Amino acid sequence: SQKIEQNSEALNIQEGKTATLTCNYTNYSPAYLQWYRQDPGRGPVFLLLIRENEKEKRKERLKVTFDTTLKQSLFHITASQPADSATYLCAGPGGFKTIFGAGTRLFVKA
Amino acid sequence: GAVVSQHPSWVICKSGTSVKIECRSLDFQATTMFWYRQFPKQSLMLMATSNEGSKATYEQGVEKDKFLINHASLTLSTLTVTSAHPEDSSFYICSARPPKSTDTQYFGPGTRLTVL
Numbered sequence: 001s002q003k004i005e006q007n008s009e010a011l012n013i014q015e016g017k018t019a020t021l022t023c024n025y026t027n028y029s030p031a032y033l034q035w036y037r038q039d040p041g042r043g044p045v046f047l048l049l050i051r052e053n054e055k056e057k058r059k060e061r062l063k064v065t066f067d068t069t070l071k072q073s074l075f076h077i078t079a080s081q082p083a084d085s086a087t088y089l090c091a092g093p094g095g096f097k098t099i100f101g102a103g104t105r106l107f108v109k110a
Numbered sequence: 001g002a003v004v005s006q007h008p009s010w011v012i013c014k015s016g017t018s019v020k021i022e023c024r025s026l027d028f029q030a031t032t033m034f035w036y037r038q039f040p041k042q043s044l045m046l047m048a049t050s051n052e053g054s055k056a057t058y059e060q061g062v063e064k065d066k067f068l069i070n071h072a073s074l075t076l077s078t079l080t081v082t083s084a085h086p087e088d089s090s091f092y093i094c095s096a097r098p099p100k101s102t103d104t105q106y107f108g109p110g111t112r113l114t115v116l
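Here the protein sequences come in this chain order: A and B.
First residue of the first sequence? That's 1 in our numbering, and the numbers climb one at a time after it.
First residue of the second sequence? That's 1 in our numbering, and the numbers climb one at a time after it.
You may find that some hints are simply not true.
Pulled a few chain A residues facing chain B out of the computed Cβ check, cut under 10 Å [said to hold, decoys possible]:
#1 Tyr-36
#2 Gly-41
#3 Ile-99
#4 Gly-103
Computed footprint of chain B on chain A, listed as stretches where at least three residues anywhere in the stretch have a Cβ under 8 Å from a Cβ of chain B [as the list claims (entries may be wrong)]:
#5 45-52
#6 84-98
Read the hints as simulated data drawn from the structure, not as lab findings.
Note that the coordinates shown come from a computational prediction; the quantities given were computed from them, not determined experimentally.
In this text, a Cβ means the ideal position worked out from N, Cα and C, and glycines have one as well.
The following block holds chain A by itself, in its conformation from the complex (with noise of 0.2 Å):
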């Protein structure tokens, strides 16, 4: 079956550094892949979208890359701050659906 599988152990990083969560697909070609945030008890929000024919896409201190061959995307945000922290999602076109895989939590420590 189609999986979006994210890594589910929480990545810890100190403020200003990169941080970085991959989220890797099995089993079908996605023609697109997205990204959100997601606070505790609170909706995810939209973050990026990446096209399988674009290699990477960013938008202010985020940057996503989509690798067809490794069939991985890359969510990374640049000089990470406390406020960063939080769970980010990947997620894929499943037909009419989305599958979303199950997040990787972030902890932005001052």
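Given the coordinates of chain A, work out where chain B should sit on it, guided by the hints.
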């Protein structure tokens, strides 16, 4: 970005009662809305797809008689958890898809349901 609201944001009820959760798209018309359920530290699990003016499409394993969905207008979908039990306690999140979009959905803030 587009705004989707949910009401209530949290609810506590007794076992056996029914609870209604509303999902509204505030600044766009949504022909399609989605209802998700999320357990702690787990990802979103799609429960059903709600289409305005027609019956909802439920995912496998989701009881349609227990989770009643009504999408009566282009801006409102409701989820009613009937005869709620403690195992129904969860975080319920809706999302709305703008017209003519296939890859965009805007999420509501979620509703925390606790069944005692």
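Inset, instruction - Confirm or reject the coverage of the region 84-98 of chain A by chain B under the rule of 3 or more residues with a beta carbon closer than 8 Å to the chain's beta carbons. - result: holds (count 5)
>> Just to be careful: measuring from the Cβ of A/Ile-99 to every Cβ in chain B, is the smallest value less than 10 Å?
In response: At about 9 Å, which falls below the 10 Å cut-off, the nearest Cβ of chain B leaves the hint on A/Ile-99 intact, so it holds.
| query | Checking C-beta pairs, does the region 45-52 of chain A have three or more residues closer than 8 Å to chain B? | reply | holds (count 3)
Restraint check, 10 Å cut-off on beta carbons, for A/Tyr-36 near chain B: 8 Å, holds
Point to revise | Hint status (Cβ of A/Gly-103 to nearest Cβ of chain B, threshold 10 Å) | key: 6 Å, holds
With a cut-off of 10 Å, does the beta carbon of A/Gly-41 approach a beta carbon of chain B closely enough for the hint to hold? 7 Å, holds
Going down the numbered hints, you'll see the structure goes against none, and every one checks out.
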